[in-house]
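**Student:** So the chains spell out like this:
Number of protein chains: 2
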Amino acid sequence: MKQNIGIVGLGLIGASLAMAIKQNTEHNVYGLDINEQTMHRALEEGSIDGVLEDYGALDLLIVALFPQAAVELILDKVEQMKPGSIVMDICGVKKSVVTQVAQVCKSHKVEFIGGHPMAGRERWGYENATATLFNGASMILTPIFTDSWALERVQQLCNAVGFGRIVFTDPESHDKMIGYTSQLAHILSSAYIKNPLCMNYKGYTGGSFQDLTRVARLNPVMWSELFLLNRQNLLDDLDILIASLQEYRHAIEENDAQRLTQLLADGSRIKEALNEE
Amino acid sequence: MKQNIGIVGLGLIGASLAMAIKQNTEHNVYGLDINEQTMHRALEEGSIDGVLEDYGALDLLIVALFPQAAVELILDKVEQMKPGSIVMDICGVKKSVVTQVAQVCKSHKVEFIGGHPMAGRERWGYENATATLFNGASMILTPIFTDSWALERVQQLCNAVGFGRIVFTDPESHDKMIGYTSQLAHILSSAYIKNPLCMNYKGYTGGSFQDLTRVARLNPVMWSELFLLNRQNLLDDLDILIASLQEYRHAIEENDAQRLTQLLADGSRIKEALNEE
Chain A
4 MKQNIGIVGL
14 GLIGASLAMA
24 IKQNTEHNVY
34 GLDINEQTMH
44 RALEEGSIDG
54 VLEDYGALDL
64 LIVALFPQAA
74 VELILDKVEQ
84 MKPGSIVMDI
94 CGVKKSVVTQ
104 VAQVCKSHKV
114 EFIGGHPMAG
124 RERWGYENAT
134 ATLFNGASMI
144 LTPIFTDSWA
154 LERVQQLCNA
164 VGFGRIVFTD
174 PESHDKMIGY
184 TSQLAHILSS
194 AYIKNPLCMN
204 YKGYTGGSFQ
214 DLTRVARLNP
224 VMWSELFLLN
234 RQNLLDDLDI
244 LIASLQEYRH
254 AIEENDAQRL
264 TQLLADGSRI
274 KEALNEE
Chain B
4 MKQNIGIVGL
14 GLIGASLAMA
24 IKQNTEHNVY
34 GLDINEQTMH
44 RALEEGSIDG
54 VLEDYGALDL
64 LIVALFPQAA
74 VELILDKVEQ
84 MKPGSIVMDI
94 CGVKKSVVTQ
104 VAQVCKSHKV
114 EFIGGHPMAG
124 RERWGYENAT
134 ATLFNGASMI
144 LTPIFTDSWA
154 LERVQQLCNA
164 VGFGRIVFTD
174 PESHDKMIGY
184 TSQLAHILSS
194 AYIKNPLCMN
204 YKGYTGGSFQ
214 DLTRVARLNP
224 VMWSELFLLN
234 RQNLLDDLDI
244 LIASLQEYRH
254 AIEENDAQRL
264 TQLLADGSRI
274 KEALNEE
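Keeping their order, the protein sequence lines are chains A and B.
If you count by the working numbering, then the first sequence holds residues 4 to 280, one letter each, in order.
If you count by the working numbering, then the second sequence holds residues 4 to 280, one letter each, in order.
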């Protein structure tokens with residue numbers, strides 16, 4: 004079935020989705036972005052078929068905005084959506100977004116599904132979007148009150164645009180996992196680079212410095228909003244990490260080779276176990 | 004000039020050096036390893052020309068052992084070395100090693116130079132060695148009391164085996180830089196992975212988790228020794244890092260979006276500046 008798909012927000016993720024849908028499916032894509040130049044480029048380059056004006060004509064609305072803006076847009080537009088249409092957000096936190104919109108959508112006979120594409124780059128905006136961004140990546144879906152036909156249709160679209168794996172979970176579990184695997188990693192990378200010695204790293208690294216600092220380059224406004232919407236999980240993860248670092252620090256301060264070796268061996272074994280899975 | 008090169012310790016670095024020297028130069032390579040099976044394989048595969056027995060016949064001795072073992076071997080064998088020969092260690096800490104051996108070597112008319120190849124893998128030992136390990140990598144040399152002819156000869160060898168960059172510095176500066184760019188990165192990676200959530204990371208990462216944990220897999224005994232020989236620098240770096248993490252934690256706890264955004268923007272700017280160099 005040829006669908007009318009609307010995408011609000013043509014940044015890195017929204018525009019990449021538009022391009023990937025245009026490239027891999029027959030669906031019509033209507034886009035909207037606050038930036039006029041982006042709209043101009045998206046239309047000119049054929050990333051979208053037209054400007055999103057009529058929400059009532061959509062089979063699927065993808066909201067690719069920052070969390071609070073996404074919630075506001077969904078609450079504002081859901082009345083215009085037709086019964087039996089689908090709304091999906093792609094925010095990096097799910098509980099806060101999903102709890103604010105899922106039930107409202109359902110009450111308008113609109114299916115809602117929260118999604119989080121595990122794909123990103125250190126550069127963002129329309130100009131860094133690409134139709135291949137999701138190739139082989141994981142898509143996390145957090146259905147709640149979602150009918151199976153809607154879930155199936157979203158899954159088909161995810162497969163079509165290149166995702167290599169679809170993971171289902173609930174919003175709370177998503178936020179807990181992502182707080183650790185992604186958000187904490189970004190904080191760590193950002194905190195690690197704040198040592199004046201970093202300016203001279205070249206020639207003094209075999210690659211670990213680059214690996215540890217790759218994601219220090221990020222969109223500060225977006226990540227700040229994501230962190231604060233996942234506050235308690237992040238605080239818990241930060242406490243675990245800082246306590247862990249203190250253990251190594253203590254062993255080093257005490258010149259305790261046996262303890263230090265043990266701490267390192269434990270970490271090495273964990274990594275090895277993950278690799279072997 | 005065809006040289007007789009001895010290599011003690013045929014682990015990842017020693018054996019890779021042996022292979023790279025055999026592959027790229029005409030020098031003779033004599034090796035020694037405590038592990039009989041390793042010796043057998045190294046001889047059989049032609050990674051070395053023979054067993055190192057006569058230290059007096061060497062033009063260059065490369066000591067590829069852990070730091071304390073390297074110091075002991077050098078102090079034990081330097082009397083057998085001929086005047087005008089060169090000794091090089093390749094340990095990951097330099098001050099402790101260099102201060103224990105440089106002057107002793109000089110008093111025997113043997114040139115000493117400390118080196119640290121910035122190349123490694125998450126797997127070690129002879130079985131993971133490869134002649135291409137150093138291709139394009141950086142080699143740090145910390146000459147002290149070293150004659151220029153000796154330095155030149157070591158540089159020629161480094162270039163021949165594939166190093167892409169040679170950096171000169173003093174042992175103290177080396178340890179300070181490496182404490183941050185490499186050792187702290189390894190501790191951080193090891194500490195970060197110690198969160199029970201790590202077991203479920205698959206499907207919940209776009210790559211940052213893998214980047215942050217790559218070097219958690221390490222040789223615990225070797226790294227423990229390296230850390231304790233660079234104790235004060237590491238403690239300083241750990242304090243800077245933990246204080247930095249506490250700043251992010253505080254902004255999150257206080258729900259201070261402005262401060263959090265600022266912290267992230269600062270880190271992002273630093274990373275961008277490093278990339279642009």
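The set of hints was computed from the structure by calculation and includes no laboratory data.
A few of these clues could be false.
As the list makes no split between identical chains, a pair holds if one copy fits it or if it spans any two.
30 Å max Cα-Cα, derived DSSO-like pairs, lysine-lysine [stated by the list, open to error]:
no., residue 1, residue 2
1, K205, K25
2, K98, K109
3, K197, K5
4, K109, K197
5, K80, K197
6, K197, K25
7, K205, K5
**Student:** Hint by hint, say whether it matches the structure.
**Tutor:** We went through each hint and held it up to the structure:
For the homomeric pair K205 and K25, the shortest alpha-carbon distance between copies (29 Å) is at most 30 Å, but the shortest distance inside one copy (42 Å) is not. Proximity of K98 to K109 under the C-alpha cut-off of 30 Å is restricted to the intra-copy arrangement: shortest distance 16 Å within a copy versus 67 Å between copies. With identical chains, the CA atoms of K197 and K5 are never at most 30 Å apart, being 50 Å at best within one copy and 47 Å at best between copies. Neither within a single protomer nor between protomers do K109 and K197 lie at most 30 Å apart by alpha-carbon distance, with minima of 46 Å and 40 Å respectively.
Taking CA atoms no more than 30 Å apart as the test, K80 paired with K197 passes in neither setting, with 43 Å inside one copy and 44 Å between copies. Taking identical chains as interchangeable, the C-alpha atoms of K197 and K25 are never at most 30 Å apart, the minima being 42 Å within one chain and 42 Å between chains. For a Cα distance limit of 30 Å, the shortest separation of K205 from K5 qualifies neither inside one copy, at 52 Å, nor across copies, at 33 Å.
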